[in-house]
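Novice: What follows is the residue order along each chain.
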Amino acid sequence: MVRVRVFATLRSIVGKNELELQASTVGELLEKLYSEYPKMKKELEKGAIILVNGKNIEHLGKLNTKLKDEDVVSIFPPVGGG
Amino acid sequence: MFGYMGKILRVNLTKEEIKVEELKEEDVKEFIGGRGLGTKFLLEEIDPKVDPFSPENKLIFATGPLTGTTAPTGGRYMVVTKSPLTGFIASSNSGGFFGPELKFAGYDLLIIEGKAEHPVYISIKDEDVEIKDASHLWGKRVGETTDKLLEEFGDKKARVACIGPAGEKLVRLANIMNDKHRAAGRSGVGAVMGSKNLKAIVVRGTKKVELADKEKFMSVVKEKIKKIKENPVTGGGLPNYGTAVLVNIINENGLYPTHNFQTGVFKYAYEQSGEALAAKYLVRNHPCFACPIGCGRVSYHPAIGITEGPEYESIWALGASCGINDLASIVIANHLCDEFGLDTISTGGTLAAAMELYEKGIIKQEELGDAPPLRFGNSEVLHYYIEKIAKREGFGDKLAEGSYRLAESYGHPEYSMSVKKQELPAYDPRGAEGHGVTYATSNRGGCHVRGYMISPEILGVPVKLDPHDVSEEKAKWVKIFQDLTAVIDSSGLCLFTSFALGADDYAEMLNAATGFEFTTDEWLKAGERVWNIERIFNLKAGLVPEKDDTLPKRLLEEPMPEGPNKGHVVKLHEILPKYYKLRGWDEKGYPTEEKLKELGLDRYY
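Chains A and B, in that order, are what the protein sequence lines are. So the first sequence is numbered by our numbering: it starts at 127 and just counts up by one. So the second sequence is numbered by our numbering: it starts at 309 and just counts up by one.
Calculated directly from the structure, the hints in this document are not laboratory data. Note that the coordinates shown come from a computational prediction; the quantities given were computed from them, not determined experimentally. Be aware that one or more of the hints could be misleading.
Straight line, CA to CA, 16 Å or less: simulated EDC-like cross-link-like pairs of lysine to aspartate or glutamate [said to hold, decoys possible]: (1) Lys168/A with Glu538/B; (2) Lys440/B with Glu324/B; (3) Lys172/A with Glu538/B; (4) Lys315/B with Glu329/B; (5) Lys896/B with Glu854/B; (6) Lys181/A with Glu538/B; (7) Lys142/A with Glu579/B; (8) Lys181/A with Asp777/B.
Could you build the full structure based on these sequences and the hints that come with them?
Specialist: Take a look at the structure:
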């Protein structure tokens, strides 16, 4: 199982901060999440920051980034500050 | 001139002289306003080698052409002076409502010279400017000072910028607070104000900023506000959670500096995140002047009542940096810093350095006496020492000098996580190399808002850059970010607009306001000019690039011990030469004659 952590506005959509899912790629994981939480897809349509074990998938395999048991996937809507 | 009031107010506190001078168009065309224009005047009027606490140093409050207009976030001003913390240029930016009010009173710049014989404040009611006695306010905290001054002034629409006890005591971490909770925070600008015996400035203005093309300006502004509102960061994350929305993402990325930068992961980050703040303490948003974002937080805690903040940086500095996970303690500590007039980043950074020195047995309990042990995670430390620092009492007197002077006094400057003696903010550059370059080269020392490379390296805005890349491409982005930031800071806008706007957007607003009709590249060139004139000030003040454009040893030599950036150090030696070259500086970091001529700055250096 992959551990998924969600942040900011995603928390109220999912109703919790963390959940566990079975998926072999980030793309597959997102499909599963979107079908369970359709509002999440809308929330992330302007972009998302997705980390696998703290590393941004943009610099890994993007949506094809492979997942294995115990991986931690962190999903953020676009955020900024400073 | 449009966008400008065309006047400089000059107050000499030694001679008790007040003068109004004309602002020259050729100056604003070169340096825009705010940060750029303030630096130009400082460089021309003081010897950069001067003691920052001497009457010869000047304190400049500088607005930009968009300050006080309806341009989104047009409420910013800069305090420019020589820093007592770094010994280099200080330019501290603040929002709220003070900057626009100064402009409504008719002044683009307020230049304060000399030193008053006894505590005073400056009262400005349009043309009616007076130096008034402030003996009854000396020693008072920011909230009380502000309330008393507004009452004395007799106009509740007036705005106050003042120092707290920390500025009076020449604490090198002292800030200038305006509208009670907005801070010109960094580089000890409040201590310079204190050294001049100047407690406060109260201002009320009734004029308007005239614009070159009013209709064009209104339509351009409308379009930019729409962009900001529709952007998920400036229209979503920031208004919903404030700047503290960053806590979780920076921690998950493994660059949330913990225990004085000993690691980049804080296991209690969840508990001090923007999400937690919103759930526990948030009362409402509090936007600054003309701001469509509204990241400001009004918070409530029963121990202190209504307060503002804390911001991301403050939560981190008073939290993870000191190993403290208790958000309530952080909210109260942030309030105390505001009240005493202390920069939260440098205060937290100094306490964190003291904690490491204590835990390594270098600072001993005997020296602290009955005071709380300086251990990481001991939240008792925060509230106790913040007051001691502000009043320079007991061990607080040593802490009041900042982390570098503290650590150096024990023979261990390496435990000060600072650049040019200014404490670093809330991102460990072992997880963002470009951000490391901006730390090393920031003209005001350790700082995150002189080229916020976290945006492309971590947040993916406006492009997605690999945080560990140290190519020329990365160096190019550093320069672009630094130059664009200088334009925004000089215009009178808030940097947060840049999550939604690009260089062309700023050029459009500036052109419509001033009527200058510069191309975007010409505005960026002005930004580059600002960067270089600051560099010139620093070189004249004694900056040695080889020694000063660097990072604490820990970040260059100690691999990150855990998390996503495990094993990484900052490869500054690889990227810095590329950056110097792109700047048109020689390999040692000095601007070349050719570059200075190109920017029209050869007359200064």
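Novice: Each hint needs a verdict: does it hold in this structure or not?
Specialist: Taking the hints in turn, this is what the structure says about them:
Our distance criterion of 16 Å between C-alpha atoms is met by lysine 168/A and glutamate 538/B, whose separation comes to about 14 Å. For the given pair, lysine 440/B sits about 10 Å from glutamate 324/B by alpha-carbon distance, which is consistent with the 16 Å threshold. This hinted pair checks out: lysine 172/A and glutamate 538/B have alpha carbons roughly 10 Å apart, not beyond 16 Å. For the suggested pair lysine 315/B and glutamate 329/B, the alpha carbons sit about 6 Å apart, so the restraint of at most 16 Å is met.
Proposed proximity of lysine 896/B and glutamate 854/B is supported: the alpha carbons are some 7 Å apart, at most 16 Å. A C-alpha spacing of about 28 Å is found between lysine 181/A and glutamate 538/B, which places the hinted pair above 16 Å, so the restraint is violated. A hinted pair counts as satisfied when its Cα atoms are at most 16 Å apart, and lysine 142/A with glutamate 579/B qualifies at roughly 15 Å. Taken as a hint, the lysine 181/A and aspartate 777/B pair is honoured in the structure, with Cα atoms around 14 Å apart against an allowance of 16 Å.
The structure shown violates just one earlier hint, number 6.
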